[in-house]
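Q: With these hints in hand, go ahead and build the complete structure from the sequences.
So the chains spell out like this:
Number of protein chains: 2
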Amino acid sequence: MKFYAGIDIGGTNTTLGIINEKGEVVETHHFSTRSYDTPEKFVEDVGNKLIELRTTYSLEGVGIGAPNGNYYTGCIEFAPNLPWKGKIALAVLFTQKTNLICKVANDANSAALGELKFGGAMGMKNFILVTLGTGVGSGIIVEGNIVLGHDGFAGELGHLIVMPNGRPCGCGRLGCLETYCSAGGIKKTYLELSGKELDPGKKIDYLAELAAQGDKAALETFDTTGRILGLALANVSALTSPEAIFLFGGPLHCGKYLTDPIQEHFTKNLLSIYKDKIKILTSLLPVNHSAILGAASLVKEPH
Amino acid sequence: MKFYAGIDIGGTNTTLGIINEKGEVVETHHFSTRSYDTPEKFVEDVGNKLIELRTTYSLEGVGIGAPNGNYYTGCIEFAPNLPWKGKIALAVLFTQKTNLICKVANDANSAALGELKFGGAMGMKNFILVTLGTGVGSGIIVEGNIVLGHDGFAGELGHLIVMPNGRPCGCGRLGCLETYCSAGGIKKTYLELSGKELDPGKKIDYLAELAAQGDKAALETFDTTGRILGLALANVSALTSPEAIFLFGGPLHCGKYLTDPIQEHFTKNLLSIYKDKIKILTSLLPVNHSAILGAASLVKEPH
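As given, the protein sequences belong to chains A and B, one line each in that order.
Per this note's numbering: the first sequence ends with 303, consecutive numbering throughout.
Per this note's numbering: the second sequence ends with 1303, consecutive numbering throughout.
Careful, some of the hints might be misleading.
The list that follows gives simulated cross-link-like pairs (lysine-lysine, PhoX-like), each with its CA atoms no further than 20 angstroms apart [as the list claims (entries may be wrong)]:
id, chain 1, residue 1, chain 2, residue 2
1, B, Lys1188, B, Lys1216
2, A, Lys87, B, Lys1275
3, A, Lys275, B, Lys1087
4, A, Lys87, B, Lys1277
A few chain A positions that, by computed beta-carbon distances, are all more than 10 angstroms from chain B [unchecked claim]:
id, residue
5, Val25
6, Glu40
7, Pro83
8, Glu156
9, Gly166
10, Arg173
11, Gly195
12, Glu209
13, Leu219
14, Gly250
Computed from the model, here is a short list of chain B residues facing chain A with C-beta under 10 angstroms [said to hold, decoys possible]:
id, residue
15, Val1025
16, Trp1084
17, Glu1143
18, Val1147
19, Gly1152
20, Gly1155
21, Arg1173
22, Gln1213
23, Arg1227
24, Val1236
25, Ser1241
26, Leu1271
27, Ser1272
28, Ile1278
Derived by calculation from the structure, the hints in this document are not laboratory data.
Predicted, not measured: the structure shown is a model, and the values here were computed from it.
Yeah, the Cβ is synthetic: ideal placement off N, Cα and C, and Gly gets one too.
A: Quick look at the structure:
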């Protein structure tokens, strides 16, 4: 049996997982990202664990999913939420330490490759995965490969300007998709429609509970979100004509309250030549292990 | 020297060209598309000419650019402006007749491949070509290959909905990019801004003459067009992160009156990580031969 190491680097915690060919997570180890003031110390500790695991598993390679990870360069580049600044040559550092092949990608691209190799997109050649969470990201798969673009930073779906002069975005511009369809963007829509702030302790799923109780503003929030995201997905479809669009992330816990309006507005706005050809699906990656599965998929050949 | 045959099929006329490795058109022949009531008769005549030309040139293959041409199937599929209805298996018909390799693509995809193999995109791996004319089309090149999508119909940039509830489009929806940025769309903007219809006998270049004379509505028309197209191109760039975007077609004869506002609004709307990385360029394909060069590029390996 072949095994793959997947490392999910977050601003607070890092998870290292060992995944087998079937996509089963056989063990995980956790590290505190914040406690390493240099990437070298981080690679030393995580690398030692990999060397130890290698005595048990025949590892094919190490995949790393990280914010601002660049597949071309193997670097993390200027990630605002990590303790290490500038360009970090993570792939090289890990290969030097462990002698294993190492690849790096950003979270959304890893998630798309995870869907391709371990999830609902097995056998597909053209699809898009959209991550909804703190931000909105995407991985675009064309002919079985992730679209990286000239500089490695393709797939910034969350930064489509969908509303000229709309809500201010962290990127410094106005009206980006993620200001409306990230978890925070959805909550903001609810605030605008109801005049009430959602309890900050509550997750976005709470909006679905409110909708189930007939809360009008909650239902309208989902409709507004679906209208904006459905149109954006119809537009993206006209460019890459995918077989499916997978939705992934916390807001999907709202279930049909969220996905029904997305589907409705997607269908309504889709160019007729694509009608009934493009499925909107929910990611099949297990939520708790999606990030390490995505990372491990970077070093796994497709089925 | 290697030679390639390029066939440009239009609703009225068909041009067959012989192109050498340097992208020089060595001879052309013309056929009246309309005078053939069946595709079989058309292939018989054009095929006989190819067989004749083959005695002079060592032909590598035949590329065909046609409305609704599908690269995957080698068919023209339900093209509204051609005399032949339904699905026409053009590649198979030509190969049966001539024994030459034959590939089919739509006009915008052929133009993008023409730019890659004979034009300004030689050596590039990631770029987009945008055709402005009766409609607005595009060919998206990722890692040196044209993006065809699941069904062969990717690249419909002209049918991005850029203005919800905007101008009615031929596709049956509202607010598509091509209702604003096609030649007709630009003229309509001028009509809306000036209250005056452009002389239907005049080409779109006439608007540049008006602008040069200080016609305020003409200048505003270019600014509006640039605002809409510049934003759309910035959005598309966030998805595929190209090295360049080539603009192609009749409206480009308006020169800087058109391209300056496109560049201005593109730069203004571009996500900061792409700043100064993506060039807006005018196609280098010779206008009179672009369609046959594009078609011939379908059977030419890249440099």
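Q: Look at each hint and say if it fits the structure.
A: Each hint tested on the structure:
For the hint linking B/Lys1188 to B/Lys1216, the alpha-carbon distance of about 15 angstroms falls within 20 angstroms, and the restraint holds. Proposed proximity of A/Lys87 and B/Lys1275 is supported: the alpha carbons are some 18 angstroms apart, at most 20 angstroms. Note on A/Lys275 and B/Lys1087: the hinted pairing holds, with a Cα-Cα distance of about 18 angstroms set against a maximum of 20 angstroms. Between A/Lys87 and B/Lys1277, the direct Cα distance comes to roughly 18 angstroms. Compliance with the 20 angstroms bound is thereby established for this hinted pair.
Under the 10 angstroms C-beta cut-off, the non-interface status given to A/Val25 relative to chain B holds; the minimum distance is some 31 angstroms. With a cut of 10 angstroms on Cβ distances, A/Glu40 stays outside the contact zone with chain B, its closest approach being about 26 angstroms. Separation of A/Pro83 from chain B is adequate, the least Cβ-Cβ distance of about 21 angstroms exceeding the 10 angstroms criterion. Taking the minimum C-beta to C-beta distance to chain B, about 4 angstroms, the non-interface status of A/Glu156 is violated against the 10 angstroms cut.
Taking the minimum C-beta to C-beta distance to chain B, about 12 angstroms, the non-interface status of A/Gly166 holds against the 10 angstroms cut. The beta carbon of A/Arg173 sits about 7 angstroms from the closest Cβ of chain B, which is not more than 10 angstroms, so the claim that it is off the interface is violated. No Cβ of chain B approaches the Cβ of A/Gly195 within 10 angstroms, the least distance being about 25 angstroms, so the stated non-interface status holds. The claim that A/Glu209 is not at the interface with chain B holds, since no C-beta of that chain comes within 10 angstroms of its own (minimum 30 angstroms).
For A/Leu219, the requirement that its beta carbon stay farther than 10 angstroms from each beta carbon of chain B is met, with the minimum near 21 angstroms. A cut-off of 10 angstroms between C-beta atoms confirms that A/Gly250 is not in contact with chain B; the least separation is 23 angstroms. Against a cut-off of 10 angstroms between C-beta atoms, the interface hint on B/Val1025 is violated, since the closest Cβ of chain A lies about 31 angstroms away. At its closest, the beta carbon of B/Trp1084 sits 19 angstroms from a beta carbon of chain A; the interface hint therefore is violated under the 10 angstroms criterion.
Restraint check, B/Glu1143 versus chain A: the minimum CB separation of about 7 angstroms is within 10 angstroms; hint holds. Hint status for B/Val1147: holds, given a least beta-carbon distance of 5 angstroms to chain A, under 10 angstroms. Taking 10 angstroms as the C-beta cut-off, the interface hint given for B/Gly1152 holds, the closest approach to chain A being about 8 angstroms. A hinted interface residue such as B/Gly1155 counts as satisfied when its beta carbon comes closer than 10 angstroms to some beta carbon of chain A; here the least separation is about 7 angstroms, so the hint holds.
Among the interface hints, the one on B/Arg1173 holds; its C-beta lies about 7 angstroms from the nearest C-beta in chain A, closer than the 10 angstroms criterion. At its closest, the beta carbon of B/Gln1213 sits 31 angstroms from a beta carbon of chain A; the interface hint therefore is violated under the 10 angstroms criterion. Given hint, B/Arg1227 at the interface with chain A, holds; its Cβ is 9 angstroms from that chain's nearest Cβ, closer than 10 angstroms. A distance limit of 10 angstroms between C-beta atoms decides the matter here; for B/Val1236 the minimum to chain A is near 7 angstroms, and the interface restraint holds.
Hint status for B/Ser1241: holds, given a least beta-carbon distance of 2 angstroms to chain A, under 10 angstroms. Satisfaction of the interface hint for B/Leu1271 is found here, the shortest Cβ-Cβ separation to chain A being roughly 5 angstroms, below the 10 angstroms cut-off. Annotation: interface hint on B/Ser1272 holds; nearest CB of chain A at approximately 6 angstroms, less than 10 angstroms. Using the Cβ-Cβ criterion of 10 angstroms, the hint placing B/Ile1278 at the interface with chain A is satisfied: the shortest such distance is roughly 8 angstroms.
In this structure, the earlier hints numbered 8, 10, 15, 16 and 22 are contradicted, and the remaining ones agree with it.
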